[in-house]
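For the sequence shown, the tail end lands on 300 under our numbering, and the numbers increase by one without skipping.
These aren't lab readings, by the way, just hints derived from the structure by calculation.
Do not take every clue at face value.
Only pairs whose alpha carbons sit at most 25 Å apart, straight line, appear in this in silico SDA-like list of lysine to any residue [to be verified]:
id: 1; residue 1: Lys142; residue 2: Gly193
id: 2; residue 1: Lys15; residue 2: Asp49
id: 3; residue 1: Lys170; residue 2: Gly147
id: 4; residue 1: Lys269; residue 2: Phe222
id: 5; residue 1: Lys170; residue 2: Glu40
id: 6; residue 1: Lys170; residue 2: Gly193
id: 7; residue 1: Lys142; residue 2: Glu40
Pair ranges (Cβ atoms, derived) [stated by the list, open to error]:
id: 8; residue 1: Thr46; residue 2: Lys142; range: 21 to 29 Å
id: 9; residue 1: Ser51; residue 2: Val202; range: 15 to 23 Å
id: 10; residue 1: Gly217; residue 2: Arg160; range: 32 to 40 Å
id: 11; residue 1: Leu68; residue 2: Ser244; range: 24 to 32 Å
id: 12; residue 1: Glu26; residue 2: Leu67; range: 42 to 50 Å
Virtual Cβ for every residue (Gly too), placed ideally from N, Cα, C.
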Amino acid sequence: MATVVRFYRWLKSTKLLSAQWPMWNERQIGIRLKDGFGFEHTLRVTSTDLSIPNRRPAGSLTVEEGLLPVSIDQMNEILRFARRAASEETWLMLLLGFRSGLRIGTIADLKVQTLTNASVDPIVGWHRIAVGPGARPPVATKFGVSGMVPILDDVLDEIRRYSTSTRRLKRQALAEEEDRDLVFLNRFGQPYGSDESRAINVAMSRLRSQGRSEGVGILRDFHFHRTRATFATELMRAALSCMSARDAIDLVRESCLHRDEATTFRYVKFIERTAAMAEAADAFTEAFLGLARGQVALRA
Numbered sequence: 001m002a003t004v005v006r007f008y009r010w011l012k013s014t015k016l017l018s019a020q021w022p023m024w025n026e027r028q029i030g031i032r033l034k035d036g037f038g039f040e041h042t043l044r045v046t047s048t049d050l051s052i053p054n055r056r057p058a059g060s061l062t063v064e065e066g067l068l069p070v071s072i073d074q075m076n077e078i079l080r081f082a083r084r085a086a087s088e089e090t091w092l093m094l095l096l097g098f099r100s101g102l103r104i105g106t107i108a109d110l111k112v113q114t115l116t117n118a119s120v121d122p123i124v125g126w127h128r129i130a131v132g133p134g135a136r137p138p139v140a141t142k143f144g145v146s147g148m149v150p151i152l153d154d155v156l157d158e159i160r161r162y163s164t165s166t167r168r169l170k171r172q173a174l175a176e177e178e179d180r181d182l183v184f185l186n187r188f189g190q191p192y193g194s195d196e197s198r199a200i201n202v203a204m205s206r207l208r209s210q211g212r213s214e215g216v217g218i219l220r221d222f223h224f225h226r227t228r229a230t231f232a233t234e235l236m237r238a239a240l241s242c243m244s245a246r247d248a249i250d251l252v253r254e255s256c257l258h259r260d261e262a263t264t265f266r267y268v269k270f271i272e273r274t275a276a277m278a279e280a281a282d283a284f285t286e287a288f289l290g291l292a293r294g295q296v297a298l299r300a
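Please model the complete structure; the sequences and the hints are all you need to start from.
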């Protein structure tokens, strides 16, 4: 839409389009920005009342950002295939996404010191790592939310092993001084999360392409963020089986660093609706097959 607006503004400025023709209403809006020192300032921009609605289909079953989780079997299939067909970094990032629910931007900004500082939750026995601008060292998160996210022991051990491997140390030697503590660096020593690096997108595109060629159907429309949706869904499913819905929502919200409770509650609704739909599908299948058998018997 922004491209369309710029095009028509150019048409109007060059007088290729009559200035008297109505196009849109403009308004000034302020965007609040925060710099690295925590100081805020407001950027004034011109916007229009034009928009392209992004309405979800009625009754669509999705969770965060309109995505669907994958099943446990599909998750294991993706991880097995990635370990064989993708780079070690891609496999480890997928492992972190599926087993900790971290976003790709947070994974790309993880520091070796972050892993070293991991602490054990005295109540549940999980390890937790500190992320967000309030962590030391700071780790990027969406909306700048800080918190302690769970990470399973086997995943933490695997990432720690990689952080001291010869493969990573060679990449670290090529990196700029400020990037050398990052866990994940591309083969040129650049951060995966930098504007100059397209390594993540390229790696996922190659993985999908190779998956299609080898008949791994789940990879056809697989995107990295579905790892987070899968983690949160399975954590919510497990939590609901052994604690109240209120406590389950609190646990998942804290673990996934959701900014608002409504996002977490969508996982509860998703689990309830998919379970009900599965039961309805089974009942329909049984009734339909019974009807079909009856018709066959009548013809006989």
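Against the structure, the hints come out as follows:
As the CA atoms of Lys142 and Gly193 are separated by approximately 13 Å, the hinted pair is consistent with the 25 Å bound. For the suggested pair Lys15 and Asp49, the alpha carbons sit about 23 Å apart, so the restraint of at most 25 Å is met. With a C-alpha separation of about 31 Å, the suggested pairing of Lys170 with Gly147 is violated against the 25 Å cut-off. Taken as a hint, the Lys269 and Phe222 pair is honoured in the structure, with Cα atoms around 22 Å apart against an allowance of 25 Å.
Of the pairs offered as hints, the one joining Lys170 and Glu40 is violated, with about 39 Å between alpha carbons and a cut-off of 25 Å exceeded. Straight-line distance between C-alpha atoms of Lys170 and Gly193 comes to about 19 Å, which keeps the hinted pair within the 25 Å bound. Pair hint Lys142 plus Glu40 holds up; C-alpha atoms about 17 Å apart against a cutoff of 25 Å. The supplied range of 21 to 29 Å is met by Thr46 and Lys142, whose beta-carbon atoms lie about 26 Å from each other.
A hinted range of 15 to 23 Å for the beta carbons of Ser51 and Val202 is inconsistent with their spacing of about 32 Å. A hinted range of 32 to 40 Å for the beta carbons of Gly217 and Arg160 is consistent with their spacing of about 34 Å. Hint check: Leu68 to Ser244, Cβ distance near 26 Å, so the stated range 24 to 32 Å holds. At about 34 Å, the beta-carbon gap between Glu26 and Leu67 misses the expected band of 42 to 50 Å.
When the structure is compared with the earlier hints, violations turn up for hints 3, 5, 9 and 12 and for no others.
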